[in-house]
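**Q** The primary structure of each chain is shown beneath.
Protein chains: 2
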Amino acid sequence: MRRLLLLSNSTQHGHGYLDHAIDEIRGHLAGVSRLLFVPFALHDRAGYSAKARERFAPLGIEVDELLAAPSGARQVETAAAVFVGGGNTFRLLKTLREAGLAAPLRERVLGGMPYLGASAGINIAAPTIRTTNDMPIVEPPGFEALGLVPFQINPHYLDPPPDSTHMGETREQRILEFLEENDRPVVGLREGGWLAIAGAAGRIGGLSGARIFRPGAPPEERSPGAPLDDLLAG
Amino acid sequence: MRRLLLLSNSTQHGHGYLDHAIDEIRGHLAGVSRLLFVPFALHDRAGYSAKARERFAPLGIEVDELLAAPSGARQVETAAAVFVGGGNTFRLLKTLREAGLAAPLRERVLGGMPYLGASAGINIAAPTIRTTNDMPIVEPPGFEALGLVPFQINPHYLDPPPDSTHMGETREQRILEFLEENDRPVVGLREGGWLAIAGAAGRIGGLSGARIFRPGAPPEERSPGAPLDDLLAG
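Those protein sequences? They're chains E and U, same order as listed. One gets the numbering used here by counting positions in the first sequence from 1 and adding 461 to each. One gets the numbering used here by counting positions in the second sequence from 1 and adding 461 to each.
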């Protein structure tokens, strides 16, 4: 049974790294003493892993860095839980795929290994990365991602700023363009929020709620605490 | 000799379609009575072409819509000038490439046919689309673009909002991430600005200036009127 905790963002404005969700993370990782960290979304992998290691030490959880190497598959096979950090989604997916780690990771998570992700780390939990906000700085072998849930996710979801004079597309416009080309729901997850999923049951957690976009329907607001089971049914 | 007019945006806040750059456009298209319009960045191509047709009529310029069909190559071969409209860069590039129109278009433009582009229409003038702001809603055959200039362009370039609490990457952070992975300069072109290029000579036009990002160097500001010749030398 899949167990996913998907955070829109790893750091909330004015707070420390993962602080805003730390109680939820603690519950999600109950009984876990070693966590496999995937640092591929940032350029400085060692520095990123050190940051994760420091954050989890007070929780009594040791952090191992996943290596983009043949030995990485063995790390995935033996991990007790995984945390995929944020950064650039294209870089993350390219590294995972080229190292041959996407398929083993997917298999372990669908088999019940707890998955924690933030930002780019939740984009790859969707069927594709087609709803990422990130710049396509590198070219992955394809946009297909881990498909741990049947819907798309847009992290850092942003409502249109009321007084903006900027003429680039709003986030909602971008997601509606996605729906012009794809027949799959999108969960726009605002900062401060998360999705907590256990098997076929899910709910929105955190402070900020989500905006749900479905093909052929007007966008729908869901508050913190609202269920996600309909979307998980695919 | 290439002749390019590359607009950051097609519409400036509070103004009509193309109004902010219309004098420059008029000069760029002097002597042109028919313009080939590329509407592929939006879903509603016919509606988009009608909008372009209406805008250019008062200038005495008729607009033909490029078709994503085998006959499109003949349209490109015989065009007097081309205008590539904004929208989603991935959709634009995918359609151009799959219809086999990218190579013929590139050849005509490098041979001297005037090129006008806005937003997504200037992303594809760069060597790749790796510095687009757009959501990757569809998957093109690759990120390689027309390569009409040797540098990357980031349209709608946005300075960090001073009071923002949003934790997503700023535009500058995104471009610096591009430079971690790619060895090519990026012109961050603010809204209201454009690049006017004739052969090996270029300058920044409009109101807002540009921010130049080079591998291994601090970002550099260039004001409207500043030359671009160094970047065009590649």
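Just so you know, the hints here were simulated from the structure itself, not pulled from any lab data. As the structure is a computational prediction, the values presented were derived from the model and not from experiment. Do not take every clue at face value.
One copy or two, either will do: identical chains are not told apart, so a pair holds if it fits within one copy or between any two.
To be verified - Computed cross-link-like contacts, DMTMM-like style, restricted to lysine to aspartate or glutamate with a CA-CA straight-line distance of at most 20 Å:
#, residue 1, residue 2
1, K512, E523
2, K512, E538
3, K555, E526
4, K555, E642
5, K512, D484
6, K512, D690
7, K512, E630
8, K555, E641
9, K555, E600
10, K512, D480
11, K555, D484
12, K555, D644
**Q** State for each hint whether it applies.
**A** Checked hints:
In this assembly of identical chains, the alpha carbons of K512 and E523 lie at most 20 Å apart only when taken from the same copy (12 Å versus 59 Å across copies). In the homo-oligomer, the alpha carbons of K512 and E538 never lie at most 20 Å apart, since the shortest distance is 24 Å inside one protomer and 56 Å across protomers. Taking CA atoms no more than 20 Å apart as the test, K555 paired with E526 passes inside one copy only; the shortest distance there is 17 Å, against 37 Å between copies. Only between protomers do K555 and E642 lie at most 20 Å apart by alpha-carbon distance; the minimum there is 12 Å, versus 23 Å within a single protomer.
Taking the closest pair of Cα atoms, K512 and D484 come within 20 Å of each other only inside a single copy of the chain (19 Å); across copies the shortest separation is 53 Å, beyond that limit. In this homomeric assembly, K512 and D690 never come within 20 Å of each other (Cα to Cα): the closest approach is 34 Å inside a single copy and 43 Å across copies. In the homo-oligomer, the alpha carbons of K512 and E630 lie at most 20 Å apart only across protomers (18 Å), although the nearest pairing inside one protomer, at 34 Å, exceeds that limit. Taking CA atoms no more than 20 Å apart as the test, K555 paired with E641 passes between copies only; the shortest distance there is 15 Å, against 26 Å inside one copy.
Taking the shortest Cα distances, K555 and E600 sit within 20 Å of each other both inside one copy (7 Å) and across copies (14 Å). Proximity of K512 to D480 under the C-alpha cut-off of 20 Å is restricted to the intra-copy arrangement: shortest distance 13 Å within a copy versus 49 Å between copies. Neither within a single protomer nor between protomers do K555 and D484 lie at most 20 Å apart by alpha-carbon distance, with minima of 32 Å and 44 Å respectively. When the C-alpha separation of K555 and D644 is checked against a cutoff of 20 Å, the pair qualifies only between copies, where the shortest distance is 18 Å, while the shortest distance within a copy is 24 Å.
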